[in-house]
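Visitor: Residue-level listing of the chains:
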Amino acid sequence: MDIKATVLDILNDLTGSDVSGAMDDNLFDSGIMDSMASVQLLLSLQSELGVNVPVSEFERSEWDTPNKIIAKVESLA
Amino acid sequence: MIENMITAIDQFATSEPDRIAYDDLGRTNTYGELKQRSDALAAHLDAMQLPAHAPILVYGGQTFDMMATFLGVVKSGHAYVPIDTHSPLERITTINEIAQPAAAIAVSALPTTLAETPVLTAENLRTIFDGPAVDYQVDHAVSGDDNYYIIFTSGTTGKPKGVQISHKNLLSYVNWMLSDDFALPAQPRALSQAPYSFDLSVMDWAPTLASGGTLVALPKTVTDNFKQLFETLPDMDLDVWVSTPSFMDICLLEPTFDAAHYPRLSRFLFCGEELTHATAQALHDRFPAARIFNTYGPTETTVAVTQVEITTEILADYPRLPIGYVKADTAISVVDDQLNPVPAGTEGEILISGPSMSKGYLNNPDKTAKAFITVDGQTVYRSGDLGVQLANGLIMYRGRTDFQIKLHGYRIELEEVNHYLSQEDHIQVGVAVPRYDRNHKVSQLIAWVVPSEHDFASELDLTKAIKDNLQGGDMMEYMIPQRFVYKDSLPMTPNGKVDIKSIIAEVNQ
Chain A
1 MDIKATVLDI LNDLTGSDVS GAMDDNLFDS GIMDSMASVQ LLLSLQSELG VNVPVSEFER
61 SEWDTPNKII AKVESLA
Chain B
1 MIENMITAID QFATSEPDRI AYDDLGRTNT YGELKQRSDA LAAHLDAMQL PAHAPILVYG
61 GQTFDMMATF LGVVKSGHAY VPIDTHSPLE RITTINEIAQ PAAAIAVSAL PTTLAETPVL
121 TAENLRTIFD GPAVDYQVDH AVSGDDNYYI IFTSGTTGKP KGVQISHKNL LSYVNWMLSD
181 DFALPAQPRA LSQAPYSFDL SVMDWAPTLA SGGTLVALPK TVTDNFKQLF ETLPDMDLDV
241 WVSTPSFMDI CLLEPTFDAA HYPRLSRFLF CGEELTHATA QALHDRFPAA RIFNTYGPTE
301 TTVAVTQVEI TTEILADYPR LPIGYVKADT AISVVDDQLN PVPAGTEGEI LISGPSMSKG
361 YLNNPDKTAK AFITVDGQTV YRSGDLGVQL ANGLIMYRGR TDFQIKLHGY RIELEEVNHY
421 LSQEDHIQVG VAVPRYDRNH KVSQLIAWVV PSEHDFASEL DLTKAIKDNL QGGDMMEYMI
481 PQRFVYKDSL PMTPNGKVDI KSIIAEVNQ
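Chains as they are written, first to last, in full-length UniProt numbering: chain A, 1 to 77; chain B, 1 to 509.
All the given hints hold, so there is nothing to weed out.
Sample of chain B residues at the chain A side, in silico, Cβ under 10 Å:
1. 224
2. 458
3. 461
4. 470
5. 480
6. 482
7. 483
Since the hints were derived computationally from the structure, they do not count as laboratory data.
Note that the structure is predicted; figures quoted are calculated from it, not measured.
C-beta: ideal position from N, C-alpha, C; glycine also.
Make a model of the complete structure from these sequences and hints.
Guide: What follows is the structure, encoded as C-alpha cells:
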C-alpha cells in the first residue's frame, strides 16, 4: 500500500484541501488542522493503514506538515 | 446551603488561609492570597469611582489572577465579562461596544485598544496585587438580582449576545451542584480546562471555590499538544473532572487513561454538547467505580438545569443517552409551535423557567423579548432545543429548532458564520453547514463558497488566504469552517434563499 497516497487522501478528506502541492507547509499555522483534526488523523491512520500512533507520543511539532506526517507514518508502519 | 458566593469563598481565607485554591501546572496559590488580591483590587476599583453596577471586561487565560480579578470585581459591586486570550481582536472591540463597560482589566496584555474604556493594564494589576494588604469591608458587593457575570455567546447577525447571570442565578446553580444530585467529594481537586469565557467553566470553578476545593488548571497550550497533555494529566491528581465530551474523546485515545492510573478520579461531569453512548460506555469501562454525570442547559439558565448519572442500567436502557431530570427549583415544559404543552413522549421545544434563568441579554431588548417570553403570566426561556420528556421524567435531547449547532461544546449560530463568510474579500457568497458523525454529533463545519475572481494557483492557497482573513477578523477560532468547498453557484430555494437544508443533506449523505 502506498503510504504517501493514503496519507494525502486522509488529509484531503479531513481538510477538504489537496495538500499535495504544499508538502512542507505548516498545517496548524495555516489553520488547515486543529486538535480535533489531529484526533481524526490518528483514528484514520489506525483504520486505514493499521498504524497505531500512541496519542501520548503525538508531539505536534513532529506532525505539522504533510511531509513530516508521511515520514512519521513510514517510520511506524 | 450557600447564601452568598463571596462570603462562601472568603471564609476559607479566614479559617484556613494556607488552603490551596489554585494549582497552575504546579504553581499554587492559597485562599489567603485569593482574598488579599481580590480585596486589594476591589479597593482600587472603588477608588476609581466607576458608574455603579456597570460591567467590567476581564481579559486573560486560565490563571489564578483571573479568579482573583473576578472576585475583586464582584466585591466592588460590578459584574465581570470574561474574555479569553484566544479571542480575536474584533470580537473584543465588539463586546466592548455592546457591553459599554466601566473599565477593562487586562490580566494578560490586551492586544487592542478599547476606545473610551479605561484599562487597568497587567502592570497596574501587578502593582495592586503586590501592594500592602488592604482591610476591605465587603459592604456593596454584587447581590440578589445584580449581575455577577455576563458571558457573550454567538448571535445570528455577527453581534454576540451578552447573557446576564445574577448572583441569585448563580446561587441556584451552585447550591444544586453541591447537593446530593452530584454528591461531589468534599474540597475536591477539580479540572479547570474550559476557558473562563465559556460557561462550562462555571461548572468547575464555582462549586470548587465555594466548597474550599482546588482548581487545577489545564490551559489550551497544553491540551493542543497531546504529548504534553498526557505528560501533564497524571500529575494533576484530580478527583473531579469537568469537560466537554469532545475533550474526553481525546483523553480516551490514551490507553493508560483509566482507574488504575488515576485512582483518585471519582466524578466526571459533562456539559456543553451531547454525551454519546460510545463515549460514556468507554469511560465507564475505564473507570467502573467512578460516577459519571450527563448534564444539559443553555447559558441563559446558568450552565445546566438537568442531570442524570450514567449508570450501567442507563447505558443498557438508552442507546441515545438522556440529558437528565430537571433540578428541583426549576420547571421544564416541552411545547408545540403554538407553545402548548405536548404529552410525555412527544417531541417539542424545551421551555425553562426558575431562579437560575437570566434576566436577558445585556443592552439587547429585542433579542431578550424574543427568547424570554411570558406564558401563563410567567417568564420562561425558549431554548430553541428540541426534546422529549419521558413518562419517568427523564428528558431526551433531539436537536435544534433553528440553525444553531454545537461543535466540540461551542455554541455556534450558522447565520453568524455565514455573515462573516459573506464579508470576506475572496468570497462572493458562502454558507456553513454541519457534517454529522454517526453519533449525531457535529464533527466538522463545512463552508460551501462561491469565490470571487482570484489569482491563486490552487484552491489550497485560496483556502489559506480566506482562513487567514477570517482569523484576523471578528470570528472565534471555533467558528471558522474546517473545510472549504468551492462551487460555481449554490442551490437556491424557490424563495430565492440559499437552500441550506439541501446542502446539509448533501454533505451528510
